[in-house]
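2 protein chains.
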Amino acid sequence: MNRTVLLIATFDTKEQEAVFLIKCLQARGVEVLTMDAGILSPSGISVDVDQDQVARHGGNSLKDLLAAGDKSACLFNMIRGAEILTAELYEQGRFHGVISIGGGQGTDIGCAAMRCLPTGVPKLMVSTVASGRATFGPFVGTKDITMMHSVADMQGLNFLTRRILKNAAGAICGMVQSAGTADPGPQGIPVALSMLGTTTPGALRAKTILEDSGFEVVAYHQNGTGGIAMEDMIRGADFKGVLDLNLHEIGDRYVGGLHGAIRGDRLEAAGDTGIPQFIAPGSINYMVLGPLESLSPEMRARKLIVHNSYLTLVRLNHEELSGVGKLVAEKLNRAKGVTRVFIPLQGYSFPDRHSLPHWDPEGNRVFVDALKAGLNPEIPLVELDAHINDPEFIDPVVEEFLSVMNAT
Amino acid sequence: MNRTVLLIATFDTKEQEAVFLIKCLQARGVEVLTMDAGILSPSGISVDVDQDQVARHGGNSLKDLLAAGDKSACLFNMIRGAEILTAELYEQGRFHGVISIGGGQGTDIGCAAMRCLPTGVPKLMVSTVASGRATFGPFVGTKDITMMHSVADMQGLNFLTRRILKNAAGAICGMVQSAGTADPGPQGIPVALSMLGTTTPGALRAKTILEDSGFEVVAYHQNGTGGIAMEDMIRGADFKGVLDLNLHEIGDRYVGGLHGAIRGDRLEAAGDTGIPQFIAPGSINYMVLGPLESLSPEMRARKLIVHNSYLTLVRLNHEELSGVGKLVAEKLNRAKGVTRVFIPLQGYSFPDRHSLPHWDPEGNRVFVDALKAGLNPEIPLVELDAHINDPEFIDPVVEEFLSVMNAT
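Here the protein sequences come in this chain order: A and B.
With numbering that gives the first Met the number 0, letter number 352 in the first sequence gets 351, and the count goes up by one each step, no holes.
With numbering that gives the first Met the number 0, letter number 171 in the second sequence gets 170, and the count goes up by one each step, no holes.
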């Protein structure tokens with residue numbers, strides 16, 4: 000079966016490179032769909048989606064954009080147009096993977112378009128800016144975008160850019176020729192599981208029990224991106240249920256820590272889509288901050304542990320925990336499906352345990368009281384006298400999850 | 000011809016994923032060379048390079064490492080071992096591309112090993128940490144490393160990790176099956192050119208003249224990484240000469256700006272290897288700092304331009320320019336090959352021009368005086384009464400470069 004790759008580029012500045020890439024792709028038997036997202040001179044070669052189509056899908060004609068002369072409005076408009084068109088073309092089954100080449104603006108456009116596609120669809124961005132102090136987040140978001148550092152400027156063809164572009168063409172061809180071929184999909188009932196280093200033993204125990212019971216478990220690291228990636232895939236109908244035993248990203252976002260959720264909609268997708276969600280407040284009661292020596296005196300006076308020379312885990316104070324409890328209640332109250340909450344009274348994370356540095360049962364009590372005060376009384380909340388990593392906590396939670404899942 | 004991929008993984012935690020990847024690679028007709036960089040339980044499958052070999056190449060046996068029990072020393076040792084072995088195996092022609100999968104530590108190991116390989120050799124890192132606030136620099140360095148965000152944790156196989164790993168296998172196979180096939184190499188005498196937005200017109204003019212004269216020009220963006228990538232490729236004997244008309248990274252590093260060279264050896268490789276280098280101080284007299292509102296009062300009082308809402312270009316003061324001039328002289332004095340310096344008296348970058356915000360001829364004079372005072376008098380220094388972007392500057396510089404290059 001013929002495979003097609005969507006190529007997104009600003010042909011005004013990258014036509015030579017785009018043409019070379021097209022030849023490489025075609026030489027490997029892959030068809031190419033081209034989208035010109037440039038705003039200056041139109042492509043010299045015929046493209047499938049031209050710059051004015053991209054502009055209009057973003058809300059304005061190219062002529063109006065150029066007349067207004069606002070550079071950042073222009074970029075925003077072309078991004079929006081590329082996003083909409085890419086999603087549409089994918090839904091029409093017009094391509095199987097996407098490749099883009101660009102500098103600063105081209106990378107913004109290409110990655111934004113890729114982020115509109117489901118996880119698993121091959122996505123390759125060849126970028127001059129994928130180096131140095133640039134962070135991954137703004138480019139990859141929650142998606143499996145593959146970023147290739149171009150090393151040299153994309154200023155015409157030379158032995159280096161040809162080598163890089165040829166590798167890129169090979170990579171996307173290899174991906175589309177691989178992707179989808181005999182993908183068996185989930186080998187059990189697919190469920191999502193949230194975890195983090197400080198709740199790993201409990202999460203892995205839950206995972207093993209679930210797998211032994213015929214479920215297929217996808218684990219998401221609660222580092223700010225992982226939980227939101229999980230939310231996105233829940234909305235994409237990839238899961239039948241969620242064992243959300245680590246809410247670190249909610250507490251961390253509430254206080255502006257380094258691993259706060261990258262968007263505000265954590266803990267909402269399961270409720271919105273109505274799949275069963277079992278909740279425990281794993282790691283919700285601390286924030287991740289920078290090196291110990293960078294902390295304010297107020298933060299240094301709190302219960303904390305030095306994770307490594309870059310990261311310090313600092314307890315939330317009681318006021319913050321109260322706010323977080325209220326926030327969790329609000330989110331859960333909107334849920335349309337089965338929702339159950341479980342509280343491990345002996346601690347929410349590895350260091351939050353009797354005689355360990357984060358231990359503060361009064362703080363956890365403030366959180367639970369605020370949660371209970373706000374929670375719809377029809378949502379069951381069970382307190383268990385065990386630690387989040389203990390079998391005495393995990394086993395009954397998973398047992399009840401299994402009975403709900405097997406009943407639906 | 001059979002192609003081989005080197006797979007680097009910590010088999011203690013990623014064996015299931017590694018085995019799946021091996022099957023995907025073999026299914027596509029690619030041979031796999033395996034390296035186990037884990038320190039806990041040894042691989043359950045037979046590997047080509049085992050964990051103790053990696054450890055010993057890093058300086059210590061696995062037994063000694065584990066006995067010492069220092070986690071970060073352990074990681075450092077395994078990184079060193081993986082680097083040395085990867086470079087050795089590549090030199091022996093044992094593989095054509097490298098793939099690695101990992102979390103935090105696995106990504107550190109895999110990328111470090113990849114950075115030891117020449118640009119152009121396919122390099123794919125499947126990583127759980129290629130998202131959020133993580134920066135590209137520590138992973139890709141100056142190389143064409145391709146980073147694939149795994150989205151979910153690598154905690155065993157499920158429909159998502161299988162999909163990601165299958166795409167990854169496809170990508171590296173597509174790259175090795177593409178790479179090297181009929182690579183014609185440079186289509187002219189290869190020369191390196193340094194440039195940046197603020198010296199683009201001059202650089203592009205130089206590039207066109209060179210290309211019209213039978214040279215193949217690779218342009219490097221002076222953003223902190225580009226210049227060092229150029230240095231690395233000069234040392235790799237990829238170029239016959241360098242037109243180094245933008246030294247922004249040297250000035251920016253001297254004062255700790257955002258686009259300072261990521262290493263201290265900028266402007267040294269051409270001199271060390273003895274290829275001709277023609278130098279001009281493009282963009283050397285400003286630093287790149289963050290948003291205007293984040294600047295100290297001292298910085299805000301300087302000549303500056305707001306590049307965009309994230310970046311501000313601030314002039315170096317006279318003391319700094321004197322130090323930078325001295326530093327450039329020291330570097331050039333060590334050169335073994337033809338070295339010529341050209342000073343554009345009407346300004347070193349777009350905003351450094353009469354009636355534009357960076358214009359400060361006294362500052363440029365301080366730079367030139369310090370440079371001249373330190374420079375070996377046998378190195379010619381020519382002052383031209385033109386701006387770095389003017390044909391009146393570029394044309395004579397390139398003309399002389401051509402005559403030197405054509406004579407060697």
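These are computed hints drawn from the structure, not numbers from a lab.
Here the structure is a predicted model, which means the values were calculated and not measured.
Among the hints, a few may not be true.
Subject to a maximum C-alpha distance of 27 Å in a straight line, what follows is the list of computed DSSO-like cross-link-like pairs (lysine-lysine) [to be verified]:
#1 A:70 / B:239
#2 A:325 / A:335
#3 A:302 / A:239
#4 B:302 / B:325
#5 B:239 / B:335
#6 B:70 / A:302
These stretches of chain B come out as covered by chain A in the derived footprint (C-beta under 8 Å, 3 or more residues) [what the hints assert, rightly or not]:
#7 116 to 126
#8 156 to 164
#9 212 to 225
#10 395 to 407
Just so it is clear, CB atoms sit at the ideal spot from N, CA and C, and this is done for glycine as well.
Quick rundown of the hints versus the structure:
In summary, the hint linking residue 70 (chain A) to residue 239 (chain B) is not supported, as the alpha carbons are separated by about 39 Å, beyond the 27 Å threshold. At most 27 Å may separate the alpha-carbon atoms for a hinted pair to count; residue 325 (chain A) and residue 335 (chain A) meet this at roughly 19 Å. A hinted pair counts as satisfied when its Cα atoms are at most 27 Å apart, and residue 302 (chain A) with residue 239 (chain A) does not qualify at roughly 38 Å. Between residue 302 (chain B) and residue 325 (chain B) the CA atoms are separated by roughly 22 Å; this keeps the pair inside 27 Å, and the hint holds.
Distance hint between residue 239 (chain B) and residue 335 (chain B) is fulfilled; the C-alpha atoms sit about 14 Å from each other, no more than 27 Å. Under the criterion of a C-alpha separation no larger than 27 Å, the hint pairing residue 70 (chain B) with residue 302 (chain A) is consistent with the structure, at around 24 Å. Counting residues of the segment 116 to 126 of chain B whose C-beta sits closer than 8 Å to any C-beta of chain A gives 4, which meets the bar of three, so the coverage hint holds. Counting residues of the segment 156 to 164 of chain B whose beta carbon lies closer than 8 Å to any beta carbon of chain A gives 7, which reaches the threshold of three, so the coverage claim holds.
Under the rule that three or more residues need a Cβ within less than 8 Å of chain A, the assignment of the segment 212 to 225 of chain B holds, with 10 such residues. Check result for the segment 395 to 407 of chain B against chain A: violated, 0 residues qualifying (beta carbon to beta carbon below 8 Å, three or more required).
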